[in-house]
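A.B. asks: Sequence lines, in order, name chains U and B.
Take the position in the first sequence, starting the count at 1, then add 27; the result is the number in our numbering.
Take the position in the second sequence, starting the count at 1, then add 327; the result is the number in our numbering.
I should point out that these hints are in silico values taken from the structure, not numbers from a laboratory.
Backbone N, C-alpha and C define an ideal beta-carbon position, used for all residues, glycine too.
Treat each hint with caution, since some may be false.
What the hints assert, rightly or not - A partial selection of chain B residues facing chain U, derived with a Cβ cut-off under 10 Å:
1) Gly1423
2) Leu1451
3) Gly1454
4) Glu1455
5) Ala1458
6) Val1461
7) Glu1462
8) Arg1504
9) Ile1508
Claimed, not checked - Stretch by stretch, here's where chain B covers chain U in the computed footprint (C-beta under 8 Å, at least three residues):
10) 42 to 54
11) 77 to 91
12) 120 to 126
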Amino acid sequence: MSGYPLPIDVEIRDGAVVARPAGEIDMANAGVLRERLHAEAVAAGAGTLVVDLTEITYIDSAGIEMLFRLHGSLDGEGVGLVVVAPPGSRAARLLSLVALGDVAEVYASVDAAVRSSARRPTG
Amino acid sequence: VSSSAVPGPSPSVAAEMDRVDWRATPLGPPETWPDSLRSTVQMLLASRFSMWMGWGEELTFFYNDAYAHDTLAAKHPWALGRAAHEVWAEIWDDIGPRIEQVLSTRTATWDEALLLYLERAGYREETYHTFSYSPLTDESGATAGMLCVVVEETERVLGERRLRTLRDLATGLAGAESEAAVYAAVERRLAESPLDLPFTLTYVFDADGGAHLRCRTGTIPAGVPATEHLEAAAMAKAWPAGRVDLPASDEPGAPDTAVVLELSEAGRARPAGVLVAGVTPFRELDTPYLGFLDLVAGQIASSIADVRARESERRRAEALAELDRAKTAFFQNVSHEFRTPLSLIIGPAEDAMAQADDPQQRERIDVVLRNARRLQKLVNNLLDFSRLESGRAEPERELTDLAAFTADLASMFRSATERAGIELVVERPDSSVAAAVDREMWERIVLNLLSNAFKFTFEGEIRVTVVREGDDAVLTVADTGTGIEPAELERLFERFRRVRGARSRTHEGSGIGLALVQELVELHEGTVSMTSAVGVGSTCTVRLPLAAEVPEPGTHAAPTTVAAAYVEEALRWLPGAGEVAAQEDVVTPRAVATDVPRARVLIADDNADLREYLTRLLSRIWEVEAVGDGRAALAAVAARPPDLILSDAMMPELDGFGLLAALRADPATAQLPVIMLSARAGEASAVEGLGAGADDYLIKPFSSRELIARVRANLDLAELRRAAALATERHSQLLRDLADAAIAINRARTAGEVLEVTARRARDLVGAAWALARLSSGGGERSAEAGDVPADEGQGALRVPLSALEARGELVLAGEAETRGVEAEAMLTQLAQVASTRLENALLYEREHRVAETLQRSLLPPSLPELATGELAALYLPGSDEASVGGDWYDAFAIGEHTIALVIGDVVGRGVHAASTMGQLRNAVRAYVHEGYTPAQTLARVDRLLHAIGGGFATLFCALADLRDGSVRYASAGHPPPLVVAADGSTGWLAGGLAPPIGAARNLTFHDAETEVPGGAALVLYTDGLVERRGESIDAGLERLAAAATSSPGHAPTLAARLVREMPEADRPDDVAVLVFARHGVATEPAVVRLPAEPGSLAALRDRLRRWMGDSGVAPGPAQDLLLAVGEAAANAVEHPLEPAPAAIVVTAERDGRDVVVVVRDHGRWQAAPSDQHRGRGLGIMRALASDVDVRRTDAGTFVTIRSQLGDPR
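If we strip away everything but chain B, and leave its shape as in the complex, we get (with noise of 0.2 Å):
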């Protein structure tokens, strides 16, 4: 999944939408679009998690960018606003009846990976898509059409999918022991990738160059060559290496393409063959697919090396145990030939010893036998060794008193432990001790033991002690040496053991020596152990089973020759004995820190000279444990895994390369490090190791620190390489519960639970102690918990958005929420955008009836018309149940100059139908009423709109309202009687004109009525949700009602107001209009206007009045009469007065009865005689227009009274 990788908002598919011809679609000109369609598309074009939706009858296509860029490619745009079933011609087959699922069922679906041929790249693609379709509904709560939410896992799967090939490859090449089994493996293997590999072909080179075709799988298409062998001319023209078109084919499927790939190895000059394998038509040959090839080709390669590899090996391995077994032989023979010479050179030594007297001739005759002793020790030691070796040891045994027979031997040391300075302690029981032993054998015990100790100690002493113990004779030979470290001893019997680093007086010897001894006590069934303190010395313990019989005093078994040679080597230790103890090497003291658990490496060879060597180097690092051959070295990795094997090629048993493959057969141990050492030197065997699947390849002899660098390496390697597959592992796993926790969410239905399933499931995802989910929309907050969230939930928080439409919210989790790494954060952004997706659509189902709130709410007036003489005002209060909307509607619209229409109507029946039922009512109401029918008329043809549109049932009350006397004509079908409410706050009801509801039945026949609203008065027009309440009677509501309007009628918008807050809020079932109109009274206040004595007063003045007078009742005509005749006044007294002249002119205006009565006064005199026509002109124009006109001068400033009749005020 690359969701990561999607790009942001781009203006891309939002621009396309405008370049789109939406009228050639079924859905037409976006501005007809319903709000649902609307809003779903823009939902989907905002969102960033790739989408489609298809919407109508033909499922014409949306989709947002995010889906343009992943799946759509060279559709887009071209996809847009068509038909889904044209844009997915290819893979309607699958897709279409889960489309008609979706949209009959109205469940969603969820596939994962569905494998979908597309054609979006100029040829039909092979992708893989996990989605999920959902039903999208309209307004009325219909399916209109279906969401899908889509994620491309084409790389995902193709990418397992090639990596399955190449591990099942490899897998089956591991066991293949043979060229043969290494062709039938790559045919097996190879054929069972037909999607990736349709055909292919192995050939493998000749010495010659001509090639041989060992594999061929899958399909061949016709007219590809798969000849069965090439000379090299026609192999090099067949198939080149690169890309190869291959002759063109009318069978569907067949690849138009090849790649010839060589089948070599890194240092291999010449390709061992090639691998043509064909391109599968349906992928591109990318970079991914074309890595895929190379490895196959790489693994074929490295597998031929490799069993060609093995069999020279195996060959060279043979050649060797010959060359050993010659030399065991060989040994035995020049041993045997040895022995006889120097027992024949020994004797007469002795003998000449005997009988020499001059002491130089005694001296030549000691440096002959002393040498020839030394060379006897040492022969023998061969001799016993490669006896040992052969099995063919067997102990002669005699009865003999081991207490006497060992203080003998040990007492022969005793010279070279004074010469030393440590005392030697025998202790024997007073009784013999008798085993039957081979005599030579515990002489060479007891001489090994001792010489062993007298190598380590310095001071103190050697105590031997020889007891009966049960049924054993027990030997001790106990020192007080350098002690032997706790890891030494446990190694100590093993052969070519030697304990090094230790203070010693020599490091000469063979390091047999107690190997040796473990072999001789094991040959008479006895036991021997070692108990040491490093500093304090050491205890060898042999225990040998008692002998029944008591040997015979005569039977005293005497040193042999090979003791005396013990000793003298004993001496020649010591200082001044002529020979200088080499320099032992310093091991280097374990600088690594221990607490750090350490890497272990497990060594297998069958030298233990190497294998001691590499233990002492290797151990000053890592742990190090050492085995002889390759099946020891499976035994000790089933013991116990070792981070690293180092092992030699040749070995008996299991050799290196069986080891290899048995541990990479192995899942558990495929992966284990392993660096092959080989005596083979030659660039050629490190590809061979390598080939055969080491990790590493050192040819012997090497340096210790480039083996140490080496081995560093590969831990080093093996450590990443473990981190990275355990990254993926978790990175895989965390993919697998993001699919399961989308699938979850996607099942959540409210908003409410899609933030319950998310916190639980982002919880889970990470691992996190809590989780909390919150959503703020519309000024409210929902949140959701799982797992205990503190109270400080910001501390240390991890947090995610959440977006759902205009909705905010975040997925917030415990702040050490990270123990699934870095890949948490971005597994917890994808499920962010899962939830927010599913948040938008349970949102979009909550609107639902929002929606159809909103279209209820657009269908009212958006204002009311202006009124000269009265006042209009009108409320909508949405139902308190808020999962579905009432049809309530009021209406007012002039017709014409003098006449206001005055509707209100609530349909029977909730949600987006009945919204859209009282739209089309309203409309009607209005066309008849402008048609000019009465509210009768009008009531009977929108009752046979009704019953025409598919029925329905709706109160409704229409008035035709004269502005100018306050006439009303109205008609009402079953709707609640409107309320008159007068000047003086008296009502009455207008119960007059009453037919059914309309729809209620057929040919209903409708009365017109007719009424006055006085001046003063106010009509009030309500649904019944104003009136009704649960549990009571309309009456008691009508009741309540006419008692909430007791007061005069004030202001319409007052009056609404009041009458919804005096009506009891609770339990109010229904939605409520009122719709009030309220005619003008008399203005019970006169008007008072002063203005400054100036011309350009009197447009201010004219204003004024005009309101004024609007405001009083006085008609159009009157009023412009009595504004002219006030006009004149107040023009004489701005231009006349003489003196004084305070600068100010005061027009008062009130109503007298059915008068209006005009007083303009000045602060001055008016000039006694008129200089010319034209205030006589003005007085003149004044009296012709009022029906009364006073002119009174005082001393105070002259009052023109104007008087006019204008008859009733309403």
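Next up, chain U with everything else stripped away, as it sits in the complex (with noise of 0.2 Å):
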């Protein structure tokens, strides 16, 4: 099931995408995520990508790399990357144990990613 693509909500929120997929992530869906988020934020023109991962059941390692490398991808594009991850949610338990450093800012939800995104200066 987690090989099949995860099913995303997508919004436009003050000149940003917020896209909320649904589901559990690991190494056999990433990759997939991986582009259509890309994709969803190209496509919109917004300045930054809003990932809320609230509907998350199960996240690993393999959602992290997808985070890092979305962020690489993104950057190219002058699009910036926001995390929802609210408490006690599975990703907040995993980001709780591996840091996103420098890649993504976290927020505990979607109202304040999108208020700290409209304050960011957009190229």
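Relying on the hints, combine the two individually framed chains into one complex.
C.D. replies: Written out as structure tokens, the structure reads:
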């Protein structure tokens, strides 16, 4: 099941693309997910991609690597990456063990993420 | 009854059910209806038998299609869902008390053909219904409504009543001798039928077209003209033929319509009058009603015509009788006047003969003499006859030696017998045979007998004997002639009787010879008889009383000239005598099969010739009896009823019309077909004859062919009529029997009784040798037999289906059950419908306890909550006593994420009431527990509730179990102690927190107690039915229960089943509920998962591990972390091994005390140096999550061992 593309909700808020995948992320589907998130961000022409991991029920190091690589590809397009991982979620648990560092800011909610990205200067 | 015409199931009422706003009725929306109502309504709708029912306080009205069609008519669908008293407001005074009686006494009513005025067709309609009310009960056994099974019998009742009116009218009119009597009868009879004939006026026309009012009956409405005499024009204006609207009237029930019918007879140009018949406002003027009025008018018309015809016939008969008397007198006079001249011719002619010498002259005188004598004989016979007829013949007796005299007379025939070649033997004793006789008469006796014998004898002899026998002188004349058939023999002496068909020398003769002999013999106080055998000969015997004296030798009597005339006549019969015998018409041989009983025809005719002719004609085909007048005909009918009467209109004693009236007045002969014969020509006579009640009418003269055709047609018609009458009578008898059977069936209480009564009644109804009624329901079959049912009942048996609710059955009767004809099957079908309806009631009754059981089961939770760390199982067994249901129940429901409520209870009492109390308690417990009350607080509140809802008495146990640690808080209200079965099979009781049963007393105090159900252990909740056995203490039962649970609990369903199975089934008085809560113990088996070494395997691995961890009691939080650690190890195993690379990874997981140990193994070697951050990140995650991670690389592969401390297994 994780070999299949995850369903992704996408919305544009305050100039940011908010993408919300749902399900489990592992090495079987991480690559596909990254390509789709990249495409969504570019297609919208937004300055920031907010990846909301609220609906993710399993995520491991393959998901972390996916975020690193997504940051790399978006950077070339001039799109910033922001991650939402609410407290208690599997993503928050994983991010407590592995820091994303400069790759992406992590917020507890989409609202906070959108507010921060609006303040960011876009290139 | 026309139930066979009841339409099949049509969606009409069922469809209308959906359109009714039930919320507006006291019953509320159908979803809220009790099962009893719902099922009764379903039964009602499904039945093809006409029914309605009332339910609830207002007896809300339900009915089926048959009832809508037969009875409600325009009130459908308005009536659906209304209050019964509103639907039947107009007859509530009649049916209200009956319904009240049914509801209060719970006994069924039965009314047959009850008159009810219904307003269903836009007017107040007179109707008749046969119906039964029976009570309907709800789940609690209380009376909740009533059911009416109804058959509308209006048509039958009206039909019978009108038929009765017509019959009474016919009877009343039959005896009417005059027009006045007809009018009196009409007035009296029509007044007896006020329901069909509210009023009548009978006008009879005068010759000038004006009309006189002859009869009036009933209450003539105000404003309706009932004028005594109306001129022609006024009559036509006031009462034109057809339908007439009457002036409006305020009187209730006053007719507003009348029908004017002409009193006309077929074949008459002008009606005799008109009948004005008021039409009841309570019935529609439909075809049967109009037909009835037509028949009434027709009867009156024909009676008027009849009585008028009879009066004219009587006048004619009187005239004819007068003519007859004149004729007799005339003949007497004429005969007398002839005799004298004839004597004056014969005497001188004889003298001249004696003196004549010239042969030519002698010949001439001979011709004169012979013809004069022949004429004289004829005249004498006529005179004799009229003398005999007028009773004025008196023998002039002289003492005579009959032997000598007879011998002399006989010898005179010798010349004739010699010429004919037959022998004449005369035997006489030596001494005299003396008697006092009128010699002339004796002469005629002897000569007639001799002449008769000679006529029929062609060879052999004629033997004349005179002897003394005792006190009698006996004359016998025996011949060896053609003989006479026995049938002819007995009637030989009737006047004008002539033996036909037999070979004879001549057909000449008046047919009075033997009749004359008999009359003459009887004048001498003697007797005459004839014996005969066809082809052998005939012997006639005459007996006269002997005289005491002996005649003087000199008084020898001598034959008169009469004798010579007889002889002369006889000689002329001989061949060559110059006279040719006319050919007798040949009688057709009877071509009727002798084994079929022939119809009998009675002929009444005073004319012997005609009588004889008719007899001869008809006896070829039918058995015939003939009598001379109406009175004799009545006597003959009484002695042996014929199949048809052929009667002359005009007869002495009792004429044809009198005969007809007498026959029609007697019910036994009212239907006997009568054909009238009349000499009167013209169509009018026929009409009069038919009007008098004759079935047919023939005018003389008629052809034999026509007569036979008419007789045959009327016999056939009578046969048809008899068959039809028989069928009708049989049918009405069947209907009566059916009604009786229906009553009996409706009295039966149980389905078994219904079957029994049905079988017996069905057998009796059609007169079968045996009957069998059976019903299959719920997998079982019940049956009842009447008579000896053979083993192979299927052979040629008559089968009628039975059905009740979903049950199906049949009524089987012996195959020869055809004794009551085709109606039998229709009747049986109706009987089966009655039985089916009653069976439905009985089944509903029997099903009451099943309803309660169903109710109880429906209150038990349909499914139990799914638990991650344990398992629930429940069992419910109904009590062995089928007639009642206990109030046991259990319940289990989650409170939040970590708590489950376990409840078990037992409401004391049985049946629907206990079950419904149980439902209330169950809901209350749920509510209070959800509110957050502890078990003890919950029990206290439920206790108060039980008092509030009317008391009762229940044991109740309530527990709240923490799914995480197995801690349990509980309280018990008098309930048997739940059992804890530990993982090792040891047992203990939850004996704490005990209080009396709820409802036992006021203000009970309840306490919570606490315990723990460890992992792998089970908590068993049960009701007393599991442990209570008759004649045994409860402790013994508890010991047995504990003993039954000796091994590890294992699966909850298995434990529940085992406990129930181990307990003795016998004598289990109560129902049983068992609820088992089992906690998962340590999973004893490690999980081993082997997967292809590819990314897609990772999700499958996670799923398998999640299940295993759930089974092993790993809490969700730690389980997620372990899953992530294993996931990282597995991802490495998929991604990093270089070679060799058999594409498989093997994961094993097992409990080790408080820890879970997972080993992920691949079959290759990891790359010596990680090429990116990724693997290092994965390993870091593993180490962060697990208490210990060990990576061991070997030649056989890499082993990653993850140990996670997860706390105590529970």
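A.B. asks: Check the structure against each numbered hint from earlier and tell me which ones fail, lowest number first.
C.D. replies: Per hint list: zero violations.
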